[in-house]
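Using the sequences and the hints given, assemble the complete structure.
Chains as they are written, first to last, in our numbering: chain A, 1 to 188; chain B, 1 to 102; chain C, 1 to 634.
In short, the hints are calculated from the structure, not lab data.
Every value quoted in this text rests on a predicted model; they were computed, and no experiment measured them.
Mixed in with the good hints, there may be bad ones.
To be verified - Beyond 12 Å from chain C on every Cβ pair, some chain B residues (computed):
#	residue
1	A8
2	I11
3	V15
4	A18
5	R27
6	N57
Unchecked claim - Partner residues are not named here, just some residues of chain A that face chain B (Cβ under 7 Å, in silico):
#	residue
7	S10
8	I12
9	W15
10	V64
11	I76
12	I118
13	G171
14	L174
C-beta atoms are modelled at their ideal positions from N, C-alpha and C, and glycine is treated no differently.
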Amino acid sequence: MEVVLAASASNILVWFVWIAAALALLASGVAVVLFANPFFSALALIGNLASLAVLYLLLAGEFVAGAQVIVYAGAIVIMFVFVLAYLGGRADAPWAGGPTLQNVTAIVAAAAIALEVIVVIALKAGDDLSNTAQVTGAFGSPAQIGELFLSNHLLAFEVTSIVLLVAAVGGVILGSAMPTSDDEEEAA
Amino acid sequence: MLGPGIAAYLILSVVLFATGAFGVLIRRSPLIILLALELMLNAGNLALIAFARQLGNADGQIFALTVMVVAAAEAVLGLGLIVAVSRKRVELDVDRLTSLRG
Amino acid sequence: MDVLAWTALFSPAVAVVAIALLGERIDRRSAGLLASGATFLSFVCTAALFFQLLGREPENRSILSTPWTWLTAGDLKIGASVLIDPLSVFMMLVVTGVGFLILVYAIGYMDGDDEERRYHAYKALFIFSMLLLVMAGNLLLLLAGWGMVGLSSYLLINYWHQRRAAVEAGKKAFVMNAVGDATFVLALFILVQQTGSLDFSTVFAAAPDALGDGSTLAVLVALGLLGGAVAKSAQVPLHTWLPDAMEGPTPVSALIHAATMVTAGVYLIVRTSPLFELAIDVQELAGILGAVTLLMAGLIALVQTDIKRVIAYSTMSQIGYMFVGVGLGAYGASMFHLMTHAFFKALLFMAAGLVIHALSGEQDIRKMGGLARELPWTYRAFLVGALALAAIPPFAGFFSKDAILSSLIDQGSLGWILWGVGIVGAFLTGLYTFRLLFIVFFGEPDPYVREHLHRERFEGPLSMMWPVGVLAVLSIVAGFLQVPEQWHLVTEWLDPVVESVPEATGGLALFSILASLGAATGGIAVAWALYRRPGDRPAAIRARLPWAANALEHKLWWDEAYDALFYRPASQVATWLLGRIEGPIVLRSLGGLGTGVRDVSDRVAAAQTGRVRGYVLALAVGLAVLAIVFLVVA
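The following block contains the structure:
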């Protein structure tokens, strides 16, 4: 009885957390897309990333959740915010000028994609998606991730380091002063 | 597994993806488009982690981590491009940035 | 023996390639030495072959050398074969011997010309082509040589290609020769179809059965071959190209249009005489055409004022004699005349070339006169040539022309008619030849001569004088190869290959000799009376026969007729086709293709708007559609 109670209690807890995280996820997602002020959109993205981290925790991906918060929310979004601050964060109004062909078609296409996949999932939910494997506590732990990175997926590990290097170099080049525009300014 | 089944996570992922796609299609500021792009990438990550949990195979999490790295690199370069474009005193509006027309 | 033959054939070809490749690295004189040296090598090889053949029995003197098979088409096999027999060696000796002398002469004549190396290369190419023609062991290789001599002739006639007249003349020569080539090829087609081969021996053996005596096919074959011969040898009706071909340098006229190429027609008829004998009518037609040409050319030569044109018409006339000879089966006599004609005609051209050279390029005889005193050796050489041409004993022309004439006598009514024409021709020959000699060399020097004559230490450079001397000697002694009633070396030499009709003997022969001698001396006497001193007797005659003079000066209007009959309609058709078919249909469709592609690509390019949002929208829509497709299919 205690076990059953305990099981159902943790189940209810998990459900509660899941619903909260899902709502936060969807709300922040919509906020990112719909806010006019880009600064607010970036803040909404942070909220999105945090809810994602919670969902990852529910899915036994502790390391990934941690990496998500540190890398994404802690680095990428900060970078966005820096650039926004540098550029002044101009607002743009997507709905100005009434419904254009682009806008309407965009709504239809996005909705279509979502609906189609949901239909597929609903069709398969009964058989393929109902068997969830049993996992140990070590699943998703840093130890397991590290082991996998350094054995089966060593190539991916190394290649990502090169990708990061290339991105860093590219970023420096793109960000360094372009000779023509600056010279023009000094001449004028 | 406790809580809702994998199907629910997947549906969440799809809806998030569609939201991100919608954002890419609607907005005109390249910065916001990049943010929406991040949404889409994260939706993909969620699907990967969900499937990893379902199949008991941690390769999905490895994949998700790699996607995160690539997203970071892409964000760096995208922002660098935006900064370079703004230096040229061009308005940051993707409908105006059409010099690659055929 | 094979080695000798192939060396003789290819030595000039090697010279051509060498001159072409070495280009400016060798000086001009060396190019000439290379060409003439190669020809001399061919001559030596030919002489060796001649002596080798002499050492054999007459029946054993035909050697065919086929190193490889050149062409195979179904059952037809054609080898790269070279035939060494008395006829081919005879022609080879003439071609390489006279050719060598003329090439040496040309070194001096063309000295200082801008593109001299090109000249010597073309000359060597010609020698090679002519050798290929006479050495060929089958009709296809002969045709190859035939075409190549036509090409060399074209290249050399418009050697001075900056001159419009020369270019026109070259084109005319080539096109007329092409007409003959076409009929030649048609004859070859029939031969291949009926006998399945083009080798001489096979065809001649199979012809009586395959073609039949006097049948339509035999007549067609003979006509086709005759057409080629007529074009190449400038007989009526395909003769109008030869006078124009005098636009080329004088050594070219000497070599190609006197001694060798124009005689290729005669050689062809002699070589394919078994086929002609199956269609006797066509053979007699050859004789008739020769007679007509003989007379006509002789008459036109009477009014020509260009020194080279007189000699050109004379060539036409003499080849008419050869055609008359082969028309009635006197092959040996005609070949003999071919040889002596090569000697004295080349001599005449070369002497004329010395005159032209001394007068810095002037060719109008009305501006010449009294050159016998200024250029004594040239005068003597020219005199020898003229006497040989007019058939005065003991010069060579007498023996050879007489050989032909006395073969005609005993051959029925046609023979007598042709003989009569030949006698009239002998009169005309004496007349026009000595008219030329008297106008150019006798009397007082014209004012033009006094101004422009220039002499070297000797009358001309040494390289030009000694070949003339050699030819003069040959023109004197070569006649003795065939003395009537005593010996007939040439005819006997050629007997294993072609059997000639016998010459008349006894009283008839004597009658023929006396008649031709009388005609010739009569012509010389008339020329002496009219032209020895520049008086107004010629003008008086012209005044009395204005229509004759007019007709002859217009060369009997052949050129005008051909122009109206062929050239104008052809160019009109061509212009019409250009306007109606080529312009609108061909050119515009090609252009339209390009324009059409560009239009389509412009329209497709409109899809590249440059707007990122549009592209992404297209992606999203595509993704949605694809997802539905996958759903449905799966």
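Those earlier numbered hints the structure runs against, lowest number first: Hint check: 4, 5 and 8 fail, others pass.
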